[in-house]
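Chemist: The residues making up each chain are set out below.
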Amino acid sequence: MSADQKIVIIGAGQAGGQAAASLRQAGFEGMITMVGDEPAPPYQRPPLSKAYLKGKLDRERLFLKPLQFYEDSNITLKTGVSAQKLDRAAKTVALSDGETLDYDTLIIATGSRPRALPLPGAESSNVFDLRTLSDIDVLKPNVQEGRRLLIVGAGYIGLEAAAAACELGLEVTVLEMADRVLARVTSPVMSEFYQKLHETHGVTIKTGAMLAELQTQDGAVTAGVLKSGDVIPCDLVLVGIGILPNEEIASEAGIACKNGILVDRDARTNDPSVYAIGDCAHRPLVHYGRDGRLESVHNAIEQGKIVAAHIMAAKRPVEDVPWFWSDQYDVKLQIAGLSQDYDEAVVRGEPTTNSFAVFYFRSGRLISVDAVNAPAEFLTAKRLIAANADISPELVVDQKKTMKDILAEAMAGQK
Amino acid sequence: MVKIIYADHSGTEREVDANVGESVMEAAVRNNIPGIDADCGGACACATCHVYVDPEFLPKTGEQEAMEQSMLDFADGVQENSRLSCQISVSAELEGMKVTTPESQH
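Respectively, the protein sequence lines represent chains Y and G.
Take 400 as the starting number for the first sequence in the numbering used here and just add one per residue.
Take 3 as the starting number for the second sequence in the numbering used here and just add one per residue.
Treat the hints with care, as some may be off.
Negatives, chain G to chain Y, calculated, CB over 10 angstroms [claimed, not checked]:
(1) M3
(2) T14
(3) E24
(4) D56
(5) P57
(6) F59
(7) E65
(8) Q81
Here are the in silico distance ranges between beta carbons for each label pair [what the hints assert, rightly or not]:
(9) S495(Y) to E15(G): 43 to 51 angstroms
(10) K62(G) to V624(Y): 56 to 64 angstroms
(11) A402(Y) to Q71(G): 41 to 49 angstroms
(12) P438(Y) to P57(G): 43 to 51 angstroms
Because the hints were derived from the structure by calculation, they are not lab data.
Cβ atoms here follow ideal geometry from the backbone N, Cα and C, with glycine treated the same way.
Put together the whole structure using the sequences plus the hints.
Modeler: Next up, the structure:
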């Protein structure tokens, strides 16, 4: 990569920020321009629904790097500007501020956006998303003790917000269409544990609850009405019903997409000059022999590093087993691997103790673990999955053995 | 401002002015210190901010909580002076402390 090369990064989130930093760390000397449609420089999203919402973390501490870093590293950071159109033949990106950027290499890191609630009233002034720093800054003054909060969607984001709001003294009701919380992402054992955890803290959880209508008055929602006829009065509404990849800039330019922008192991799209990373990318999942889209910090960081390595013709960083975490109340959940399509789940420990782990198997192979206040189980499973180790459900639930014993036993079997 | 010195496994040292109240990890990331990945941003969820603390300063870095202990149990190359730098809060007492990063965080 010569010093007159121009790299444009569309999107200034965790993935884009990582790519820029990794390129400079790897010695790239050309131009880097990063364009983000949010006003803030790249920042961490996970604390938004946790410490930041609770007012326990200052805004500046969310930023991945201080502003000075971009200046010192000669990275042009254009915030509050979005990319409008990609012209692959001319190798240009047209921006919302009228500027057109030339590139030699383009990295698309446009992330994802919250799925909108498809109901009249969803645009009301007291209906909030949980995606961006601005979302939370607008929401925060409304999060006050005694107010009635209605959360639509019992996924991780919705439940994390429920925990934070509950701790701040709000009266919280969570609605979930499926017959259990976290239905899309985890097993019934975990769903039951989290439902109980929230109910113990005073949160009302309604599963199998279809929202039929939002009642409004003077442009603000005053109640949610369920298909069952139940009316839930509220002062504010949070929507957490999933996210959609921001792939349009690529698909409109003829780049192959399928629930995200299709990329290879080096994060390259079907245009060799264009890469896609983070939430917007649909990537090979090497530990699972398939591809998919990951919505996680791990993925954003990993692909940011992968793209930098490929551009610099360096060795591809080892692809880690996908991992995630969620903090609710005093419970830390750590997830290693992907549990979709599991055919057997076993529990190590006892959920009532607030410390246990669920191990997921498919065709006799360990594919994932949900570890609740159980870091040893998390880290062990992560290693075992990475090694594609042969380990039985009977061994992982054997509490006479420590996780260290189990790890050693399973790894010995590998050789 | 508190002076913290970050050494990598090859011995190269970088000096940083850390703010009281931020973590030793945050001060490193802010200053682009290589070798501290901190993938989870300080949630004690990933063990990629592992450092070796100058033994003289170890007692001043505070007690390890159970979560940190367990995470360190499974990290590579753990020694008696291992800590997760996201769990060490910078205080005036740490002036001049040297921490060394391991060869790999994974």
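Chemist: Say whether it holds or is violated: T14(G) keeps its Cβ farther than 10 angstroms from all Cβ of chain Y.
Modeler: holds, 14 angstroms
Chemist: Using the beta carbons of K62(G) and V624(Y), state whether their distance is inside 56 to 64 angstroms or not.
Modeler: Holds: the Cβ-Cβ distance is about 58 angstroms, inside 56 to 64 angstroms.
Chemist: 41 to 49 angstroms was suggested as the range; check whether the CB atoms of A402(Y) and Q71(G) agree with it.
Modeler: Hint holds: Cβ distance 47 angstroms, inside 41 to 49 angstroms.
Chemist: Taking 43 to 51 angstroms as the stated bounds, is the beta-carbon spacing between S495(Y) and E15(G) within them?
Modeler: Once the Cβ atoms are compared, 44 angstroms apart, the range 43 to 51 angstroms for E15(G) and S495(Y) holds.
Chemist: Evaluate the condition: distance from the CB of P57(G) to the nearest CB of chain Y exceeds 10 angstroms.
Modeler: holds, 25 angstroms
Chemist: Does the Cβ-Cβ separation between P438(Y) and P57(G) fall within 43 to 51 angstroms?
Modeler: Taking Cβ atoms as reference, P438(Y) and P57(G) lie about 45 angstroms apart, which means the hint holds.
Chemist: Verify this label for me: E65(G) is non-interface relative to chain Y, using a Cβ-Cβ cutoff of 10 angstroms.
Modeler: The claim stands: E65(G) keeps its Cβ more than 10 angstroms from every Cβ of chain Y (closest is about 17 angstroms).
Chemist: Would you say M3(G) is clear of chain Y, with no C-beta pair closer than or equal to 10 angstroms?
Modeler: Fine: 14 angstroms to the nearest Cβ keeps M3(G) off the interface.
Chemist: Find the nearest Cβ of chain Y to the Cβ of E24(G) and say whether that gap is larger than 10 angstroms.
Modeler: About 7 angstroms separates E24(G) from the closest Cβ of chain Y, which leaves it inside 10 angstroms; violated.
Chemist: When you look at the beta carbon of F59(G), is every beta carbon of chain Y farther off than 10 angstroms?
Modeler: holds, 23 angstroms
Chemist: Does Q81(G) sit more than 10 angstroms from chain Y, CB to CB?
Modeler: holds, 17 angstroms
Chemist: Is the claim that D56(G) lies outside the interface with chain Y correct, judged by CB distances over 10 angstroms?
Modeler: At roughly 25 angstroms from the nearest Cβ of chain Y, D56(G) sits farther out than 10 angstroms, so the non-interface label holds.
Of the numbered hints given earlier, the model fails hint 3 alone.
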